[in-house]
Amino acid sequence: MTVGIEYYVLLSLALFCIGLFGVLTRRNALMFLMSVELMLNAANINLIAFAFYHGNLTGQVFALFTMALAAAEVAVGLGIILVLYRNFRDVDVTVPSEMRW
Amino acid sequence: METAFELAPAIVLLPLAAFVVALLFGNYMPKKGALAGIVATAGSLLLSLYVMAAVATGGQHQETYFTWAAGDAVSETGVPTIEFTFGTLLDPLSALMLVIVSLIAFLVHVFSLGYMNDEGETGLPRYYAELGLFTFSMLAFVIADNLLMAFMFFELVGLCSYLLIGFWFRTESAPSAAKKAFLVTRFGDYFFLLGVVAIGATFGTLAFQGDGSFVAAAGEAIDNGETLFGFGAETWVTITGLLVLGGVIGKSAQFPLHTWLPDAMEGPTTVSALIHAATMVAAGVYLVARMFGYYALSPTALGIIAFVGGFTALFAATMGVVKDDIKQVLAYSTISQYGYMMLGLGVGGYVAGVFHLMNHAFFKALLFLGAGAVIVLMHHEQDMWKMGGLKDKAPIVYYTFLAGALALAGIVPFSGFWSKDEILFDAIIVGLNEPIFLAAYAMGLLAVFFTGFYTFRMVFLTFHGEPRSDAARDPHPVSWNIKFPLLTLGVLALVAGIANLAPVYKLTGLEITYLEFWLDGQYGGYADLTYSAYGDTVPFGTDYIGSETITLLIAAGLGLGLAVGGAVFAMVLYNVPEPEPHTENLGSARTVLRSNYYQDEYQVWLAENLTLPLARAADRFDQTVIDGVVNGVSSVSLFGSGRMKRLQTGVVTNYAALLIVGFIVLLVVLGVLGGWFV
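Chains A and B are the protein sequences, given in the same order. Following the numbering used here, the numbering of the first sequence begins with 1230 at its first residue and continues without gaps. Following the numbering used here, the numbering of the second sequence begins with 9 at its first residue and continues without gaps.
Because the hints were derived from the structure by calculation, they are not lab data. There may be inaccurate statements among the hints.
Just a sample of chain A residues kept apart from chain B, beta carbon distances all over 10 Å, derived [claimed, not checked]: (1) Thr1231; (2) Val1232; (3) Tyr1236; (4) Asn1275; (5) Tyr1314; (6) Pro1325.
What follows is a list of derived Cβ distance ranges for each label pair [unchecked claim]: (7) Asn662/B with Gly1284/A: 35 to 45 Å; (8) Asn662/B with Thr1287/A: 20 to 30 Å; (9) Cys1246/A with Leu666/B: 12 to 22 Å; (10) Gly636/B with Glu1266/A: 22 to 32 Å; (11) Phe1317/A with Lys653/B: 20 to 30 Å; (12) Leu655/B with Met1263/A: 21 to 31 Å; (13) Met1263/A with Gly636/B: 52 to 62 Å; (14) Thr1287/A with Lys653/B: 22 to 32 Å.
Beta carbons are placed, not taken as given, at the ideal position from N, Cα and C, and that holds for glycine.
With the rest of the complex left out, here is chain A (with noise of 0.2 Å):
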């Protein structure tokens, strides 16, 4: 039996929903991160079930750029979050608001 793909479409959108939260509502840096990830798997799961339903393995293609891409945003992403800690002491996003006007 087949799984419909409102199901994939759904469970996506609900994951990439509590990623959007996490952005928006985390101070911790790794949470940051990790809410990222998130975001980005939904989309991966959006491309292999569009990928799937259509016959199509392109969107499959995609799906592994998209971890090589994951992959590598992580190891810039914990690189900027030791250089946060070892000038603020902290990993906390909005002590560092130096940058602005």
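Take the given structure of chain A and dock chain B to it, following the hints.
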């Protein structure tokens, strides 16, 4: 013949080379740059004579050397393109003027050896460089084949005039006189520039000669009854002609822009002779002659030229009567004589005007150089009341000066008589047909008396009677380099009248009016630039008292009688051993004349009470309205950006929120526009 025309640019470029040489190496040269100038002007003179000979044997030449800008602006008459060029136009008029200018420039350079070098002046390389630059600009002005080139070199001679008037820049008066000359002539040149632009925009060409000239185009427009810029063609020709005339009035020191010329006498006397008597001041009159075909189309413009000329002739002559400085007398006589030329041209007497231009160049350069010699004799004293008795001490200076004076006063058979007589004759025959011109004629005629008077007052005070100062009792000797130019010009002042003995022709029928044939293109020249071509266009008729001969005799008799009368009157008053200052008997009239009719005062008053408040108001408008708008725009954007920048909180969560809100807004907008919600 072709060689002469191909060499013509060298006439102009030789003095330019002298300018460079004198400027760079003058200090290391034996005569401080004088030799470079003498060689260059002598070369120019020889080449000019060659060109004149080529024109005399049936040649004429027009060549464009350089196009420095071309555009495709459509003119008012529908010419699709316009070109700005440098080129030469060699015809009888320019060939004659080339010879006059290069001859006088050469003689003045020689005279400068005696007047500047021998008197131990400093700054001589600068002096000779500026003389060279002036000669270059003047010659280039003369050969210009279009109005814009003429304008450019017209400005350049003005600059050289400014530099040379202010040659003794350490004195207080010379820089001030230089500035005055510059500003007053610039005021006229402003109108000239407007005229050039107007003519270019109207006819799409600035050439003087040929079918493609603005003169031909203007004639055509008048014949076709076209409307140019909302005016009838003839009115528009009058307006543009009068705009150009503004430059002429400034440069040729005509009323009311004549005030700079007497002050210009602050420069060295050689400069006065070359620039402020013989050549640069002639540039204005030459320009009118050069585009005479254009003025001939408009009776109004001609009438204004005639009246400005006639009035200036009389006006300046009366002021010359009361001056004590020998150079001031000559300055006012120069203004007056240029008035005669304008009068002659204004009544359609093209040949008469050019003839007087030529004669005046010779005899006035002679008189100024003579005055320079007198100043050397007198150890740099210019007040005639401190002179006297120089006649026996310096006979060559005396006799040459006398020749110039007789020519200036217009005593037969000296050159000035023939040309002045021709101008007055042309004025009276036009006046008899159109009585309004009789007024201009009367002013010119009356000025003859004053001319005779002030000329001989000057001669008698300077050379006759008993010496009235130590300097006059023991004059400084003058050498060959002063005598040679005086003798050359003295002979020319005597004989130059032979060029056009029009009265003799009219009385006896002998065909000896060579200058008329010359300017009529009978030897060579362009058909559209001849006296007869102009004569067909000039709209004035002529009339005679009785017959032509009787009118001629009456006019000549009146002119000569008044000139002799003035001279005799001066002789009675001043040719005594101990002359008295008779002008003091004139009372308040003398005060007015000594103050030059308060011309300077009213012009300063106009500047201070009209121009200055106007400039202040314009400044205020600029400061408040124009700058206010600019400043307002900048403060509004400054304030706005001050508020906008608050968006940058530095908190990364806010940025994420903004990103998302922006994305949603974009989505909604695209959705609404794309019709998703319908």
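Now the hints, each set against the structure:
1. Thr1231: holds, 29 Å
2. Val1232: holds, 27 Å
3. Tyr1236: Check passes; 23 Å lies beyond 10 Å.
4. Asn1275: holds, 16 Å
5. Tyr1314: Answer for Tyr1314/A: holds, closest chain B Cβ roughly 15 Å.
6. Pro1325: At about 8 Å from chain B, Pro1325/A fails to clear the 10 Å cut-off, so the statement is violated.
7. Asn662/B with Gly1284/A: 35 to 45 Å: holds, 43 Å
8. Asn662/B with Thr1287/A: 20 to 30 Å: violated, 37 Å
9. Cys1246/A with Leu666/B: 12 to 22 Å: With Cβ atoms ~18 Å apart, the hint holds.
10. Gly636/B with Glu1266/A: 22 to 32 Å: violated, 57 Å
11. Phe1317/A with Lys653/B: 20 to 30 Å: Taking Cβ atoms as reference, Phe1317/A and Lys653/B lie about 24 Å apart, which means the hint holds.
12. Leu655/B with Met1263/A: 21 to 31 Å: holds, 27 Å
13. Met1263/A with Gly636/B: 52 to 62 Å: Since Met1263/A and Gly636/B have Cβ atoms about 57 Å apart, the given range 52 to 62 Å holds.
14. Thr1287/A with Lys653/B: 22 to 32 Å: At roughly 44 Å between Cβ atoms, Lys653/B and Thr1287/A fall outside 22 to 32 Å, so the hint is violated.
Checked against the numbered hints above, the structure breaks hints 6, 8, 10 and 14 and satisfies the rest.
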